[in-house]
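K.L.:
Chain E: place on chain H using the hints.
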Amino acid sequence: MSRARGRAAVYSIAALAVLLVGAAVGMLVTLSVVRPESTPGAGSVDVGFAQDMRVHHLQAITMAGQARDRGADRKVRALAFDIESTQLDQSGRLAGWLAVWDQPELPPPGEPHMRWMPAEGHGGHGAGAAGAGVTRMPGMATSEELAKLRSLSGADLDVYFLQLMLRHHQGGLDMATFAAANAQTEHVRVLAEKIAAGQDAETRLMRSMLAERGAEPLPFP
Amino acid sequence: MANKTKNKGGKAALKAARASVVSKKGLPWGTIAAVAAVVLIAAGVFGYAYVQIDSVKEFTVSEENKDPSENIDGVVRAEYAGSQHVNADQRVAYDQSPPFGGPHDNYWADCSGIVYPVAVRNENMVHSLEHGAVWIAYNPDQVSGAALDTLKAKVEGQPHMMMSPYPGLDSPISLQSWGHQLKLSDANDERIDQFIRSLRANRFQNPEPGGRCDTGGTGFDPANPPPFVAEAPGPDAVKMDGSGIVPQEESEMTTTGAPTPTTTAAQPTQ
Chain H
1 MSRARGRAAV YSIAALAVLL VGAAVGMLVT LSVVRPESTP GAGSVDVGFA QDMRVHHLQA
61 ITMAGQARDR GADRKVRALA FDIESTQLDQ SGRLAGWLAV WDQPELPPPG EPHMRWMPAE
121 GHGGHGAGAA GAGVTRMPGM ATSEELAKLR SLSGADLDVY FLQLMLRHHQ GGLDMATFAA
181 ANAQTEHVRV LAEKIAAGQD AETRLMRSML AERGAEPLPF P
Chain E
1 MANKTKNKGG KAALKAARAS VVSKKGLPWG TIAAVAAVVL IAAGVFGYAY VQIDSVKEFT
61 VSEENKDPSE NIDGVVRAEY AGSQHVNADQ RVAYDQSPPF GGPHDNYWAD CSGIVYPVAV
121 RNENMVHSLE HGAVWIAYNP DQVSGAALDT LKAKVEGQPH MMMSPYPGLD SPISLQSWGH
181 QLKLSDANDE RIDQFIRSLR ANRFQNPEPG GRCDTGGTGF DPANPPPFVA EAPGPDAVKM
241 DGSGIVPQEE SEMTTTGAPT PTTTAAQPTQ
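Top line first, the protein sequences correspond to chains H and E. Position 156 of the first sequence, counting from 1, maps to 156 under this note's numbering, and the rest follow consecutively. Position 137 of the second sequence, counting from 1, maps to 137 under this note's numbering, and the rest follow consecutively.
Since the hints were derived computationally from the structure, they do not count as laboratory data. For each residue, glycine too, the CB sits at the ideal point set by N, CA and C. It is possible that part of the hints are untrue.
Calculated lysine-lysine pairs in the PhoX-like style (CA-CA distance at most 25 Å, straight line) [stated by the list, open to error]:
no.	chain 1	residue 1	chain 2	residue 2
1	E	K183	E	K154
2	E	K183	H	K148
3	E	K239	E	K152
4	E	K154	H	K148
5	E	K183	E	K57
6	E	K183	E	K152
Derived Cβ-Cβ restraints for the label pairs, each shown as a range [said to hold, decoys possible]:
no.	chain 1	residue 1	chain 2	residue 2	range
7	H	E145	E	L148	14 to 24 Å
8	H	L205	E	D170	46 to 56 Å
9	H	E145	E	D193	25 to 35 Å
Stretch-level coverage of chain H by chain E, calculated; a stretch enters the list once three of its residues show a Cβ under 8 Å from a Cβ in chain E [stated by the list, open to error]:
no.	segment
10	5–15
11	74–85
12	103–117
If we strip away everything but chain H, and leave its shape as in the complex, we get (with noise of 0.2 Å):
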């Protein structure tokens, strides 16, 4: 009786065990989030660059808003629209994607910024050791900066949107330039590649239209 019964139960129980083990290690692939070409999971660098450029946008789309209203100069004030709408367009792509992956449409709460990129990108600003993220992007206006923008008005609100607006893009510069390299997916390639093209054109606008009106770029990093 035993020994056929026996060599059975081993055999199941064997069978079992493989199936768990496989089972396991699908479980592990999920969260490993290696799942190239479909949906980028929490982690990576498309999940990552959404939320932190969306978070980074939304700033600029801010800063332009007040140009846009109020600035002295129609170019300055058209400069602003273009960023504006370029970026609250940008900005809404990536909160939809992040959608459509069920990822949050913006970085955690109390979470740093930018841990799916080495902080030794190209120069970076980043402190820290790689990947460890930081608590404010580079670019990143302060509360104080943005109050004292509103509280401009006429050339003055034109000089100062220019310097903050320069030093911004210059900060999401190697985001983008990291992303377009780096992300999983095309459309996340794509778009932060014309991230990085578009903002580099508009950085060297500004550099101009700050040396027109004799004054200096803030300094960056």
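P.N.:
For chain E alone, kept in the frame of chain H given last:
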């Protein structure tokens, strides 16, 4: 033990002993132990992965998890209709304090990561909730120092976040999102971040998620916001169902900027 005892009976006895060993070996304990170990490891990995995935998903908005705040103890919910706008000289008889939904001013309060040092008019703050903002209100008599700094760090510079003192608040801290409120006493309570994760710009719970939080062009000045009014609203206040709303005047439609609230004349403004 028995098969190890010295046997002088020669080959036959040895063979018998060997046979007895073979027959006794019906259950290969070594193999079973190995299999059991693999099963245990697999089960451990399985359970760990499951718990990890589950905890990440718990406060993440998705088609299957439209209101993750249901996983948070103590959240109060109410249904409110959006898009009912009152003028700057009107008040709303809110059914909650602080309010977290209902008719509100045409102009939203700035919610782009702003920490207001002074209490702000409810009617403006409620409009920001409609845009997906989370409002951290605190009782200025009960929250200060390190606790206040902890709360500020959750708000300053963060999209769709705003914070203000709320005189007379019946708990040290109160979190508001459109249709949701959580009152708590500890600035380090983990439910604060869970509430923000679950409800900020939540596309299922907020009427206009992702609506603008900056206020350029509306006339709402975050450096000098319309002040909070402590007195209960009078009988002329707009009801929660929107009755009593006065249509916008033709003159106001063409004016840029929010007119100065007249009902707050008793407050020391400007």
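K.L.:
Against the structure, test the hints numbered earlier, and report the numbers of the ones violated in rising order.
P.N.:
2, 3 and 11
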